[in-house]
Amino acid sequence: MFKDYLSNKKLNFFCVTMPKNIPVIKKNYINLKSFYKNFNYYIICPKKDVVKFQRELHMSNIQIINEDSFLTKRDFSKIFHKYFSKTNYLKKIKWREGWYYQQVLKISFVFFFFKNKNTKHLIQWEADTIILRKIEFFKNNKPIIYGTLFEKNNKYFVTLKELFRKLPKHYLSFTFQFSSLNYSIINNLFTKLNSYERFNFKNTPAKWISTIMLHSITTIHKNYNISFFSEQDLFGISQLLNKKKTYQKTFIYFRNFTRGELSNFEIRVLKKLKFYHITYDNYDLVKNKKSNQFFFFYYLLRLIIRYLYRQIKYLLSYLIKN
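In terms of this note's numbering, the sequence shown opens at residue 751 and continues consecutively.
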């Protein structure tokens, strides 16, 4: 499907994306190079955009992969309609079809990557996110378990409880824009998913994953919601279920700034304050627009206060429950 992994490269990053995120990926790549000497970067995109990505991101350690190598959008659409047509919210959720398709592609790439158990370190990195500080993804070849204090969609965990039949005693969300993975974690996840209902692995990984994901969603959720599933929480919760201690390391990051692209000065401020990354959820809407500095500092102050308060609250809650 694509080139052999370079064994001398310690880290492997990947993302699933559209052309609108190419400027963000370029900026993130430059920052990654300043923090990590050896890494590969795999970018999965629509077939029609492969040449554009190859032209725009012509670096030796970047490989562009056609998403059809895993599952075509047409084939996914058939499975999507098969399951959501059984609900009363097919029309409402149809606009999110592409979003669910991307999640299937991410999980599919992970399973494909770890077919070779000699490959050790894989990081799913969201294409709309730019790293600002070096992140320690692994310790002693095991992923460090992080958690976010800013986001938690309970619908995701309702779905995961349906899949895994249980949830950890205590957990934060894993939707902080990256997932650190190794062979052991993914092999264990495969075992868990393979025991769900009657869906033993038979088809291609992507069709199998699509079926499991959509069946679990439509089985447990009877009313419409904008989103029911997170592959980042899937990876994270599966990992926590194997741990006796479920404390998650927290960190601060900057997200949902939609009034303009951050200036170099504002980025320097974030670095000084030890923010680890920036996420532009809709970069195409802020590109070439100046941010409002007053709003930036107002938002920044609120973010820091919320983070410190929630960090203390989380630590106390964890200590009490454990």
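Careful, some of the hints might be misleading.
As the list claims (entries may be wrong) - In silico SDA-like pairs for lysine to any residue, Cα to Cα no more than 25 Å straight-line:
| id | residue 1 | residue 2 |
| --- | --- | --- |
| 1 | 1021 | 761 |
| 2 | 783 | 973 |
| 3 | 1040 | 836 |
| 4 | 823 | 836 |
Unchecked claim - Label-pair restraints from in silico Cβ distances:
| id | residue 1 | residue 2 | range |
| --- | --- | --- | --- |
| 5 | 1051 | 835 | 44 to 54 Å |
| 6 | 801 | 865 | 44 to 54 Å |
| 7 | 1048 | 785 | 22 to 32 Å |
| 8 | 1051 | 781 | 22 to 32 Å |
| 9 | 825 | 950 | 18 to 28 Å |
| 10 | 975 | 1037 | 21 to 31 Å |
| 11 | 1063 | 1019 | 45 to 55 Å |
| 12 | 798 | 975 | 29 to 39 Å |
Source of the hints: derived by calculation from the structure; they are not laboratory data.
For each residue, glycine too, the CB sits at the ideal point set by N, CA and C.
How the hints compare with the structure:
1. 1021 <-> 761: holds (23 Å)
2. 783 <-> 973: violated (45 Å)
3. 1040 <-> 836: Given pair residue 1040, residue 836 is violated - Cα atoms ~46 Å apart, limit 25 Å.
4. 823 <-> 836: holds (20 Å)
5. 1051 <-> 835: 44 to 54 Å: holds (48 Å)
6. 801 <-> 865: 44 to 54 Å: The hint (44 to 54 Å, Cβ to Cβ) is violated, given that residue 801 and residue 865 are roughly 27 Å apart.
7. 1048 <-> 785: 22 to 32 Å: With a Cβ separation near 30 Å, residue 1048 and residue 785 satisfy 22 to 32 Å, so the hint holds.
8. 1051 <-> 781: 22 to 32 Å: Given a distance of about 25 Å, which is inside 22 to 32 Å, the answer is holds.
9. 825 <-> 950: 18 to 28 Å: holds (20 Å)
10. 975 <-> 1037: 21 to 31 Å: Given range 21 to 31 Å: holds, Cβ gap about 30 Å.
11. 1063 <-> 1019: 45 to 55 Å: Distance hint for residue 1063, residue 1019 is violated at roughly 26 Å.
12. 798 <-> 975: 29 to 39 Å: At 31 Å between Cβs, range holds.
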